[in-house]
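Here's the letter readout for the chains.
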Amino acid sequence: MSSNEAPDVIAEGNDDDMPENTHTDMAYDVPVSSSNDQIVLHPEIGFYERLINNLLADGYQMCIDLCGVDYFKNLTRKLPNDATAERFELVINLLDLSAKRRIRVRVQLPEDDPKVPSISMIYPGAEAMEREASDMFGFVFEGHPDPTPILLPEGWVGHPLRKDFSMGRIPVQFKAVEGR
Amino acid sequence: MSTLDHLRNRDAILRISESEAENRAEVIDPDDERMIINMGPQHPSTHGVLRVTMELQGETVLRSKPVIGYLHTGMEKTAEDLTFLQGPTNVTRMDYAAPLFTELVYSLAVEKLLDIEIPERATWIRMLMCELNRMSSHLLFLATNGMDLGSVGMMIYGWREREEVLRFFEKVTGLRMNHNYIRPGGVAADLPDNWQADVREILNILPERLEQFDVLMTGQPIWRARTQGVGVITTEEAIALGATGPILRSTGYAWDTRRTMPYLAYDKVDFDIVVGTYGDTFDRYAIRLNEIRESMRIVEQCLDMMPKGPYRVEDRKVTPPPRARIDESMEALIHHFKIFTEGYKVPAGEVYTSVESPRGELGCYLVSDGGPKPQRMHIRAPSFVNLQTLPHMMHGGLLADAVAVISSIDPIMGEVDR
Amino acid sequence: MADIYDLKQKLGLGDAGLAGLGHNIFTAPIEELVKWARRRSVMPATFGLACCAIEMMATGTAHYDMARYGMETFRASPRQADLMIVAGRVSQKMAPVLRQIYDQMMEPKWVISMGVCASSGGMFNNYAIVQGVDQIVPVDIYAPGCPPGPETLLHAILALHEKIRTGELTERRKSTGKGAGFELSHEHAPDAQPEPVIIRTGRR
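The listed protein sequences derive, respectively, from chains A, B and C.
By my numbering, the letter at position 163 of the first sequence is numbered 163, and the numbering carries on one by one without gaps.
Position in the second sequence counted from 1, then plus 1000, gives you my numbering.
Position in the third sequence counted from 1, then plus 2000, gives you my numbering.
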């Protein structure tokens, strides 16, 4: 299992709007949480690109994975800083090869307008992964150099990994063999 | 110039859509020596359904783009419809040359969400089977790589060795491929009696055969001329593009998750990481050949150090009870019924686990909403990300080298398209 | 070209070739010879798609050895191939490519659907996989398994050889246009360009 050390910049602070007793852990200026011993950052869409640049500058050289998640009606999940949970999430996993640590970034994307800046200019390896996410979920990556379908045939209507896209199951028909 | 500027200015990727490529291919401009040609998706190179659109000037490849999606199976969507116990049957068919790795990474993710410890013997069995699978996958690579570069005999030799390993797999798991053996909680069945003799036989046969491959390919001038200096990539480019596995190691960077971020019991066994120097096709071939030798070392240590004990976790809510118990105990019957119909519930949460597959870092991002089926399962396939290095490796090379480069990346289209 | 065609018609050869001649004491040995040649040197077209392709390659190499049946030369060009072994799952994006390759093959041609994904969609009953390659091409032999081991594939190949030997396959294809119970509504001459084909499924 990948082990993680705590990032250098963690500050505990009280937000002025929050009630007295709650703390919001912050790292890299965004709320941070821990999920099964893995560090997860929760930026807002506006701060997302800056955060990725900061993480690259801090040593996370490789974008390991970029994918989307569709939570559909499951909007009651807990997020730090009591942020609103949207229908879609964009999840980016980064790897720091020198310090051997991983970090995860989760961005909430609204259902009606899942637009987010593309990070393929920062991590060229994310280009194909962003194309896959836009194929499967319908995310729009602003500034992406090649927003064409990658896995689905051209002209495909719909985004298969959304929960309201049906599985496409065909009831089994037993075909009789002639003759015999 | 930074790596990113370097990659961008090289202009190696042919970023046009498929319909546009078709239209442009029909326009013939006599003054323009450049033409767009299409390679695949059905072509004799045995890498599955990969299509490469290339812009050629004479014999030189200027820009190219791998077009994928011809094997898109909707496996991630299927996974949301299968219980966590059925999950490995689905993911095992992604990387069909090394199926046990995808099963392993999925099982590790589920076990992390369940927060259970699996017994030591199960860990060592998994390690043994995975290293044997690494050997069979690399033998497949050697066979297909050899055939792509002209050595048809290599195809026959590589498969002959692979059959030895597959015979052992059939003995243990019941299947030659797509085993569904590594499941959350441990493994499906214990190793059969006298398995040490079978493994020792494999370890006895292989070293001499690998020497034959060295004679056939490594020292041979034609092989060297065709692979040395072909498809070069640097460390910075590989890291920026997200390439891992033999591609990253061929550039000289010693990154192997088994050593740097150990999982299973890799910190208890002794093995070396094989690293190249120039980042070319020859280095990648040599790395995989020597990784077979390193895997043999690990297998030998597994033979000696295999602990005794249960082969799966004893928690009856996660692993089904033995069949004989079902006749005796009502509880066992209920557990069996619940596990196989409804499935066991996994606590809500999300986790990312990764292993070192023969192609690179294989990861699984699993989200559970507390039910018996995953909310989202995403497999980070190494071949999918490694294919992005293809245009940069082919840029400026000859058309004849394109096959060598594609083959050296060792893509498995099942996991690229999922 | 037209003269040769007329000559063929006059001799009773027509489109069926030697098999169209009435079975008599002179043509029977020739027919047997033709069928023997056809089944002893079937050339498969490389159509390995997914996991079944690995087992197909295993069948072709030393341990299971298709060369003893004359089949180890996998022709990359469909023009040179007789047999298309559809090995693996056919996705929606791959389906037109498969049809195009099939159309480029010369008669007589056969199709083995290898594995459950090619035969019926297999375990992937979803939006992305064609539920059975017989939705696209007429199939002669279905080989079940996931993946079918080399022995199963060899059994399928030998069953195909048997069908060629009895002449059942070529005759049936010519007279009804069916491979395994599906009727194509488009009659095409051997060297027509591939055209969109309307395929009706189900029993006619």
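These are calculated hints, taken from the structure and not from any lab test.
Among the hints, a few may not be true.
To be verified - Not the full set, but computed from the structure, chain B residues with beta-carbon under 10 Å of chain A:
no.	residue
1	1206
2	1208
3	1211
4	1244
5	1255
6	1349
7	1367
8	1369
9	1380
10	1398
11	1400
12	1416
As the list claims (entries may be wrong) - Okay, the calculated beta carbon distance ranges per label pair:
no.	chain 1	residue 1	chain 2	residue 2	range
13	C	2158	B	1212	29 to 39 Å
14	B	1205	A	54	27 to 37 Å
15	C	2135	A	113	30 to 40 Å
16	B	1308	A	37	40 to 50 Å
17	C	2103	B	1060	28 to 38 Å
18	C	2165	B	1278	28 to 38 Å
19	B	1193	A	58	51 to 61 Å
20	C	2165	B	1304	47 to 57 Å
21	B	1236	A	115	24 to 34 Å
22	A	58	B	1304	52 to 62 Å
23	A	75	B	1193	25 to 35 Å
Said to hold, decoys possible - As a list, the in silico EDC-like pairs of lysine to aspartate or glutamate whose alpha-carbon atoms are at most 20 Å apart:
no.	chain 1	residue 1	chain 2	residue 2
24	B	1308	B	1236
25	B	1171	C	2151
26	C	2035	C	2162
27	A	163	B	1120
28	A	163	B	1193
29	A	78	B	1193
30	B	1317	B	1304
31	B	1268	B	1294
32	A	163	B	1081
33	A	100	B	1369
34	A	163	A	111
35	C	2163	C	2031
36	B	1373	B	1081
37	B	1373	A	164
38	A	73	B	1080
39	B	1308	B	1080
40	A	73	A	112
Just so we're clear, the structure is a prediction, and the values are computed from it rather than from any experiment.
Backbone N, C-alpha and C fix where the C-beta goes; we use that ideal spot for every residue, glycine too.
Checked hints:
no.: 1; hint: 1206; in the structure: violated, 31 Å
no.: 2; hint: 1208; in the structure: violated, 37 Å
no.: 3; hint: 1211; in the structure: violated, 34 Å
no.: 4; hint: 1244; in the structure: holds, 8 Å
no.: 5; hint: 1255; in the structure: holds, 6 Å
no.: 6; hint: 1349; in the structure: holds, 6 Å
no.: 7; hint: 1367; in the structure: holds, 6 Å
no.: 8; hint: 1369; in the structure: holds, 6 Å
no.: 9; hint: 1380; in the structure: holds, 4 Å
no.: 10; hint: 1398; in the structure: violated, 24 Å
no.: 11; hint: 1400; in the structure: violated, 26 Å
no.: 12; hint: 1416; in the structure: holds, 9 Å
no.: 13; hint: C/2158 / B/1212: 29 to 39 Å; in the structure: holds, 33 Å
no.: 14; hint: B/1205 / A/54: 27 to 37 Å; in the structure: violated, 53 Å
no.: 15; hint: C/2135 / A/113: 30 to 40 Å; in the structure: holds, 38 Å
no.: 16; hint: B/1308 / A/37: 40 to 50 Å; in the structure: violated, 30 Å
no.: 17; hint: C/2103 / B/1060: 28 to 38 Å; in the structure: holds, 34 Å
no.: 18; hint: C/2165 / B/1278: 28 to 38 Å; in the structure: violated, 56 Å
no.: 19; hint: B/1193 / A/58: 51 to 61 Å; in the structure: holds, 53 Å
no.: 20; hint: C/2165 / B/1304: 47 to 57 Å; in the structure: holds, 55 Å
no.: 21; hint: B/1236 / A/115: 24 to 34 Å; in the structure: holds, 31 Å
no.: 22; hint: A/58 / B/1304: 52 to 62 Å; in the structure: violated, 43 Å
no.: 23; hint: A/75 / B/1193: 25 to 35 Å; in the structure: violated, 54 Å
no.: 24; hint: B/1308 / B/1236; in the structure: violated, 45 Å
no.: 25; hint: B/1171 / C/2151; in the structure: holds, 16 Å
no.: 26; hint: C/2035 / C/2162; in the structure: holds, 10 Å
no.: 27; hint: A/163 / B/1120; in the structure: violated, 39 Å
no.: 28; hint: A/163 / B/1193; in the structure: violated, 47 Å
no.: 29; hint: A/78 / B/1193; in the structure: violated, 50 Å
no.: 30; hint: B/1317 / B/1304; in the structure: violated, 32 Å
no.: 31; hint: B/1268 / B/1294; in the structure: holds, 14 Å
no.: 32; hint: A/163 / B/1081; in the structure: holds, 11 Å
no.: 33; hint: A/100 / B/1369; in the structure: violated, 29 Å
no.: 34; hint: A/163 / A/111; in the structure: holds, 12 Å
no.: 35; hint: C/2163 / C/2031; in the structure: holds, 14 Å
no.: 36; hint: B/1373 / B/1081; in the structure: holds, 7 Å
no.: 37; hint: B/1373 / A/164; in the structure: holds, 17 Å
no.: 38; hint: A/73 / B/1080; in the structure: holds, 15 Å
no.: 39; hint: B/1308 / B/1080; in the structure: violated, 36 Å
no.: 40; hint: A/73 / A/112; in the structure: holds, 14 Å
Figure legend: structure checked against the earlier numbered hints; hints not met, in rising order: 1, 2, 3, 10, 11, 14, 16, 18, 22, 23, 24, 27, 28, 29, 30, 33 and 39.
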